[in-house]
Amino acid sequence: MHLALRIARRTGVFVVSLLGASLLIFLLTNALPGDVAQVLLGTDATPEAVAQLRAQLGLDRPLPMQYFSWLGGILVGDFGRSHLSGLPVLALLAPRIAVTLWLVLFGVIGSLLIAVPAGMVAALKRRSWPGFTISAAAQLGMAVPVFWGGILLVMVFAVWLHWLPANGYVSLATNPEQWAAHLVLPSLTLALVQAAVLIRYVRSAFIEVLNEDYYRTARSIGWTPMRALFRHGIRNASISLVTVLGLQVSTVLVGAIVVESVFTLPGLGSLLLTAVNQRDLLVVQGTVMFLVLAVLAISALVDLSYLLIDPRQAAASEQGEGSA
Amino acid sequence: MSLLEVRDLRVSFGRRRVQAVRGVDFDLDDGQRLGLIGESGSGKTVTALAVMGLLPENATVTGSVRLRGSEIVGAPEVALAQLRGAAVSMVFQEPMTALDPTMRVGRQVAEVLRLHQGEESGPARERVVSMLAEVGLADPVRIADAYPHQLSGGQRQRAILAMALINSPDLVVCDEPTTALDVTVQALVLQKLNEVLTDSGAACLFISHDLAVVSQVCDKVLVMLDGQVVETGTVAELFTNPQHPYTRGLVATARFDQTRPGQRLPTVEDFYAPDTSVGGRP
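First to last, the protein sequences are chains F and S. Counting from 1, position 170 in the first sequence corresponds to residue 170 in my numbering; the numbering is continuous, with no gaps. Counting from 1, position 43 in the second sequence corresponds to residue 43 in my numbering; the numbering is continuous, with no gaps.
Keep in mind that the hints were calculated from the coordinates and are not lab data. Even glycine gets a Cβ: it sits at the ideal position worked out from N, Cα and C. Keep in mind that a hint or two might mislead.
Cβ-to-Cβ under 10 Å is the rule here; a few derived chain S residues that face chain F [what the hints assert, rightly or not]:
no., residue
1, L54
2, T60
3, V61
4, S64
5, R68
6, G85
7, M96
8, T102
9, M103
10, E111
11, S152
12, A252
13, T253
Label pairs and their in silico Cβ distance ranges [what the hints assert, rightly or not]:
no., chain 1, residue 1, chain 2, residue 2, range
14, S, T198, F, D213, 23 to 29 Å
15, F, L75, S, A138, 45 to 51 Å
16, F, A314, S, D27, 38 to 44 Å
17, F, V76, S, E126, 58 to 64 Å
Throw the hints in and build the complete structure from the sequences for me.
If you want it as structure tokens, here you go:
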């Protein structure tokens, strides 16, 4: 299939998934018991007052109407206004997105920096103690809940050693040094937990490479095992690793939300939790919609990145003999 | 001193120590071509990998393999890596999978050069293109810029041949280099192998199950059976006066010219019954 056609098709899938997700998000949030009018007026409010406020906020309209007006707004970049604060949802989201984005970015990079070398050694030394140790450590790491890992790191690096702040956030614009200091522990927490999961995949991807003929060829021309794996293994192994990374995006986001609450970072997670508690539905919908958008966008990019990694797929796209 | 001296080579695998090679001895002089012939599982590939020091971790090797007097068995990996690709190189059986699918062919050939001679990319590229031409690839520039999947099996095998020969090694180990190719391409690749070996003066350890193929490349042949060498001789000696019944079977199966149409083709088993013979299987 042609490259352009492949991209067009992938974009089509992307749009349809987004529409489906928007409907699902809308229905689920509206299925939550209680509403924002009740929260705003308090438990003592008369039913008349609640009804009046609901009408003001447009909550008395039929659900399909509410859905389409919300969806129509999104299409022109308007996610509505928070019922509670009256601020545009987008204005609430923007600073939060930056926090979560940094956390996820550093978390993923960190997890790769840990998992790729560790997984390579685990594959190469799989029959001796370094391999066993790494595999065992990864198993242990997977059993550690994110929040507990975070608390442990805070105890060591913030409470005992006083190297890093225990929680809070400073924006990059305000003070880059403080910004970095506040992100180290949260990113490390996310990275360690993700790395524990990734190591197993990296290990098996590289074990596969070790059994390939081209690895033996690389050895026969004079590469040592580790260097042969670096030179000819990484790109080949990354074809399967990218798939795993794409699938892990949603897990990383969920992890980020937990990490945010451990370190009281003002990211999407805390915004979402507060909004759910206050039944600020438009904020909930907007936040979840953004998260879904991020996950779908990343998995679309993962799909297209195969073209960069694997020349066989790129060729198949050009010659019109590949599949989507 | 011979180029390669193999003495009482024994290789076993796994905890149960299954013996794949059981005491093999041979010598290979500079420029000589030695054929190693036998059926699947006779230990010929394991012997070749032992010469390269490329046996898997679970292999136990005893005996001695000396290349220009220096011991290969038990040598440290770094020392072996310096020999491989420079003094001794290998051509594998499967051209379809032996090249890295994500790297251009020219770069893979140049890698061998740079790994051992530290050449800059400019002269390396010229050398690669001329080497690809030497192994008989028309349009070597295009081949150098192609990915392996864009080449045919014969083209890939010749690119691998170029990799094996670019550093002018003393010894080239060929493990069934033409088995995966169809017959016409096979003849072409063998002819090129002959030419480049003659030009470079490299010795060759040529492994095959096919006596007809071995006879096109080698002067001398070892017949392997169940991890042991059962017969040694020149190609002419083997064809005219095979001693071991297994060799007689091999010769008969290689000589279709003596079979009439409609007649049942000879098999090795017509000449050699594994249970009763000397050097037979356990």
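When the least beta-carbon distance from T60 of chain S to chain F is tested against 10 Å, hint result: violated (14 Å)
Status of the hint placing M96 of chain S at chain F (closest C-beta pair under 10 Å): holds (8 Å)
Chain F contact restraint on E111 of chain S - CB to CB distance below 10 Å: holds (7 Å)
Honestly, do L75 of chain F and A138 of chain S meet the 45 to 51 Å range at C-beta? violated (58 Å)
38 to 44 Å was suggested as the range; check whether the CB atoms of A314 of chain F and D27 of chain S agree with it. violated (49 Å)
Taking the least C-beta to C-beta distance, is T102 of chain S closer than 10 Å to chain F? Since chain F brings a Cβ to about 4 Å from T102 of chain S, closer than 10 Å, the hint holds.
Please verify that hint: L54 of chain S, Cβ, nearest Cβ of chain F, below 10 Å or not. Holds, because the Cβ-Cβ distance from L54 of chain S to chain F comes to roughly 6 Å (cut-off 10 Å).
Would the stated hint for T253 of chain S survive a check requiring a Cβ distance to chain F of less than 10 Å? With Cβ-Cβ at 28 Å, over 10 Å, it is violated.
Hint status (Cβ of A252 of chain S to nearest Cβ of chain F, threshold 10 Å): violated (33 Å)
With a cut-off of 10 Å on the beta carbons, see whether G85 of chain S makes it to chain F. With a minimum Cβ separation of about 3 Å from chain F (threshold 10 Å), the hint on G85 of chain S holds.
Kindly confirm whether 58 to 64 Å is satisfied by the beta carbon distance between V76 of chain F and E126 of chain S. holds (60 Å)
Per the CB criterion, is S152 of chain S less than 10 Å away from chain F? violated (15 Å)
Violation of the numbered hints given earlier is confined to hints 2, 3, 4, 5, 11, 12, 13, 15 and 16; the remaining hints are satisfied by the structure.
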